[in-house]
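Undergrad: As a plain string of letters, each chain reads:
2 protein chains.
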Amino acid sequence: MNPKLDLVLERVVDVPPELVWKAWTTPEYLKKWFTPAPWKTVECELDLRPGGMFRTVMESPDGKKFPAGGGFRETVQKWSTGWTEALEPGYRPSSRKIDAETPFFFTAVITMEPHGSGTKYTATAMHGTEDGRTKHEEMGFHQGWGAALDQLVALAKTM
Amino acid sequence: MNPKLDLVLERVVDVPPELVWKAWTTPEYLKKWFTPAPWKTVECELDLRPGGMFRTVMESPDGKKFPAGGGFRETVQKWSTGWTEALEPGYRPSSRKIDAETPFFFTAVITMEPHGSGTKYTATAMHGTEDGRTKHEEMGFHQGWGAALDQLVALAKTM
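Heads up: the sequence lines are chains F and H, in that order.
Residues 1231 to 1389 (the numbering used here) make up the first sequence, in order.
Residues 1231 to 1389 (the numbering used here) make up the second sequence, in order.
Hints listed in this document are in silico derivations from the structure and should not be mistaken for laboratory results.
Predicted model, so just to flag it, every value in this text is computed and none were measured.
Keep in mind that a hint or two might mislead.
Because identical chains share one entry, a pair is satisfied inside a single copy or across any pair of copies.
For lysine-lysine, the following DSSO-like pairs were computed, each having C-alpha atoms within a straight-line distance of at most 27 Å [said to hold, decoys possible]: (1) K1295 to K1327; (2) K1262 to K1295; (3) K1252 to K1270; (4) K1365 to K1327; (5) K1327 to K1234; (6) K1308 to K1294; (7) K1308 to K1261.
Next comes chain F alone, as it looks inside the complex:
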């Protein structure tokens, strides 16, 4: 963790890591929690193999669609996954450039550790520059990723 370049959401939640993992790795579940309402995730393609696809399409309340995602990094160990926007599936560099429309790329690392009967959940977003980290924070990283986690937990409790 580099505090100048990374953003971290760390929280203990009261559902076990098996269910957090299931909500994270099953496209039909992921679509239900990944974007804070009233935004929706309307498409999700997810392949946990190294270099595999992670692609989502988010939809704003007024119906505009935003494709997102990048090549999956890998499932580094049990209950740990990650992906990077800097690569497309198969490790190809992204076709996008850093510009006004795409102010930064991030690499995400998500880990789930057993914590009593619940889970210590850590989501780290790594950026290439301090400017990227600042812009992501200003866009509401903590509120957004926190609200999505609330949705994930509510969903996991119904599983």
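Please build the complex by placing chain H on the supplied structure of chain F, with the hints as guidance.
TA: For chain H alone, coordinates are given in the frame of chain F:
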């Protein structure tokens, strides 16, 4: 392989894959062949673990230094390796942007297959855009990577 986005150097060389691999993965050897003379590779740091460092510093004939490299992708199987300029070690997105000074990022995949008593050597450079591929080709991809391979083979014969 995507012919619109990739550049490929494929050649059968008369040294066995064990030696090609050794020349590729030992920094002291790599520095002797990696840049076509009169350019030199004056530094090399290389860690084949997933996300590990691959860093070189090249020096032009007039003494100007050019750092290069990026996070290693992984050693996918025996005699196969690769890295991407789009990531720094540890999977962090590159701090560089695509601009006039850095016109493209590439991801390289190098494979060595036994071929008689020699090796079928394939180096693929994958780009995010057709423009990146074209610029890399115009910079002399085939001549440069081919001349480096000649140097590698000459070195491997002395091992």
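Undergrad: Indicate which option fits the pair K1308, K1294 if close means a Cα-Cα distance not exceeding 27 Å: within, between, both or neither.
TA: neither (36 Å within a copy, 46 Å between copies)
Undergrad: Cα distance capped at 27 Å. Does K1327 pair with K1234 within a copy, between copies, both, or neither?
TA: Answer is both; intra-copy 22 Å and inter-copy 18 Å each pass.
Undergrad: Quick one: K1252 to K1270, C-alpha cut-off 27 Å, is that within a copy, between copies, both, or neither?
TA: within (19 Å within a copy, 51 Å between copies)
Undergrad: Are the CA atoms of K1308 and K1261 at most 27 Å apart within a copy, between copies, both, or neither?
TA: within (22 Å within a copy, 38 Å between copies)
Undergrad: Is it within a copy, between copies, both, or neither that the alpha carbon of K1262 lies no farther than 27 Å from that of K1295?
TA: Cα proximity of K1262 and K1295: one copy only (16 Å, versus 51 Å across).
Undergrad: Pop the pair K1295 and K1327 into one bin, within, between, both or neither, using alpha-carbon distances up to 27 Å.
TA: Classified as both: same-chain Cα gap 20 Å, cross-chain 26 Å, threshold 27 Å.
Undergrad: Treating 27 Å as the Cα threshold, decide for K1365 and K1327: within, between, both or neither.
TA: both (16 Å within a copy, 16 Å between copies)
Comparing the model with each earlier hint shows a violation of hint 6 alone; every other hint is respected.
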